[in-house]
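This is what each chain is made of:
There are 2 protein chains.
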Amino acid sequence: MQNFNYSIPTKVAFGEGTLENLPKFVKEYGKKVLIVYGGGSIKRTGLYDKVVALLKENDIAYEELSGVEPNPRVTTVEKGVAICREKGIDVVLPIGGGSTIDCAKGIAAAYYYDGPAWDIVLNNSLVTNALPIITILTLAATGSEMDYFAVISNEEEKEKLDINSDLIYPKYSILDPTLTYSVPAYQTASGTADMMSHIFEVYFNGVKDTFFQDRIMEALLKTCIKYGPIAVKEPDNYDARANLMWTSSWAINGFIACGKSGAWPCHAIEHQLSAYYDVTHGHGLAIITPYVMKYTLNDKTVDMYVTYGINVFGIDPSLDRYEIANQAIEKTTQVFRDMGLKLTLRDIGITDKTYFEEMAVKAARGCEGSFVELTKDDIVEIFNQAF
Amino acid sequence: MQNFNYSIPTKVAFGEGTLENLPKFVKEYGKKVLIVYGGGSIKRTGLYDKVVALLKENDIAYEELSGVEPNPRVTTVEKGVAICREKGIDVVLPIGGGSTIDCAKGIAAAYYYDGPAWDIVLNNSLVTNALPIITILTLAATGSEMDYFAVISNEEEKEKLDINSDLIYPKYSILDPTLTYSVPAYQTASGTADMMSHIFEVYFNGVKDTFFQDRIMEALLKTCIKYGPIAVKEPDNYDARANLMWTSSWAINGFIACGKSGAWPCHAIEHQLSAYYDVTHGHGLAIITPYVMKYTLNDKTVDMYVTYGINVFGIDPSLDRYEIANQAIEKTTQVFRDMGLKLTLRDIGITDKTYFEEMAVKAARGCEGSFVELTKDDIVEIFNQAF
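Just so you know, the protein sequences line up as chains A and B, in that order. With the first letter of the first sequence counted as 1, position 170 gets the number 169 in numbering that gives the first Met the number 0; the numbers rise by one all the way through. With the first letter of the second sequence counted as 1, position 341 gets the number 340 in numbering that gives the first Met the number 0; the numbers rise by one all the way through.
Keep in mind that the hints are not guaranteed to be accurate.
[Stated by the list, open to error] Derived contacts from chain B toward chain A, CB cut-off under 8 Å, selection only:
1) Phe13
2) Gly14
3) Thr17
4) Ile215
Don't read these hints as lab results, they were simulated from the structure. Since this is a predicted model, take the numbers as computed values, not measurements. Every residue gets a Cβ at the ideal spot worked out from N, C-alpha and C, and that includes glycine.
With the sequences and hints as input, model every part of the structure.
Listed below in structure tokens is the structure:
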């Protein structure tokens, strides 16, 4: 186990009806909020009205920033900062999934920086303070509700980079599983695949003697595997939504990575699919992950896959090691299939291999330090196999 | 899953050598500390000298309170408060296990109360502020390094009660597994049994649909079961000490109980053994727990024990349900036996049953609301079986 620092200061109110805590949480930090949201699904579901009513009843003033993009842009962050400065906002209140929360984190941090917001993305040490953030989560996937990351895009520069700062942990996150009932099957499936990938990237890893962490990750994986397919089929199954929601936070809030380190190869490879073909991130991960598993299965890694197969899927430990590993990979694919995800590149409309080389060059940079070395040629081969 | 609030603000520096962070942590909160410790083992191991040297090098002044009892007394808390007030202490720095940390928490909270310290124990709402606490853990067991409880005893009143306040979470805890190398085999075994019991009390519980939490608890139990016996036999096995240390914090920092609730019957029963016969708490739990499991095994509970047996010990799921449950209980006993613990009351020197009735009356109060109803007569029978 490697040495580590642990710190997750976000407070969570979890469960049906916990939205009622919002005024109390806000009042701890001020009396004027900026509501941040995306395309307006929160208006269709009635959540927006509920929040606004709660704020009004409690004499909390609000402004709003809508239209946050699925990959939140730095220009949107700057719009939010301008509102905060002009209107004297005390608290940033994102309502939505990871993109909305990331945008709010960007706003909260850029508020205190006297210059273009992109500067703090390029140089996180310029983040010296942040407005308090309170999140209302409506999509379980990215874990942004309980972590210190925000991914911000710059259209002009064609860049998508992280803000990474202890100062942007949400102060409070309200996690009401019923607020995810309206998430469509495809987004539920992609979100679950995203969570699973967050865990896989830490689980399949060269750091030794992390028994505690490995067993915890198996617990999280089992939860995804059990409840992902249920939530896809029964969108208003409370237990499925609750177990998935809590898992999404713990899959990437830093806890499981305490004592481990290493690259995230599947993410590095998938990012190219999203960038070149606009593939939904979680779906891209569901396609790529089993092929990365198969490609990296060798005498050095087989025991990792065996442990996974036995502990997560309950595969008979008396079988041949490669048999267990291959069954584990097949069962992983089956989980994604059970959630209705298409599992080849061709099936999602990628009909030629034109960019595979170019994408692989970029992906290879992100794979440096991963548990199995993956060169550009390896990644081209993975794309070919997944074609 | 029940609704819950989650909040664990303590920051942890984990790993060999992390003591070097101490001056940085202290300086965040002030420049004068009260070192709190117990019987002086930290002087024998050299830890005391290291801490003092670090403080001196960094111009941090210190006072000290030694001799904290295994069950810290309110009179000792008051001694600490007096020093803090007289000497202008900024930070309370316990070095030790749960008793020492609990005492420090009592001091930190009573510092701001203008009256007898016992008042705040009797009425936790009187805790309105607390001095910052930074802990250096030397014994993995109670989880006090990452929770908001302190158990304080009052000799005069013959009472042992909790302070329970968000304000007494340690700000930082330094968890260096090598600092537990000197913990004797018996204390290691008892500490591991204590951790396991913290998990069992939440795991065997009537709340439904806590898949996430149940799988996490199985992860923690597996870690105890693997590494407890190793740490007993190889006291300086880093991986064993590290995995146990991190497990001790997570077994009782509140995380696993999020979404669950209920009484802690084994603790309620064991507390009487400690009170009447001065049995080491963790050892008492190791004796009592398997008998409580056996006694509560019935058609309503068998599936819980079956799940435990299959998921934690890998028992063949095709066996008869009661066979699995009984094997699981026997394997639990075996873990305690493997750590060298004696497992009947007679074996630890309790040679008559004089107090069983009296103890059972008291224990029954603490069992109210547990997953199986346990009356006074049930508890007498459990004592008899464990005799």
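Consistency of the hints with the structure:
no., hint, verdict
1, Phe13, "holds (5 Å)"
2, Gly14, "holds (3 Å)"
3, Thr17, "holds (6 Å)"
4, Ile215, "holds (5 Å)"
No hint from the list above goes unmet by this structure.
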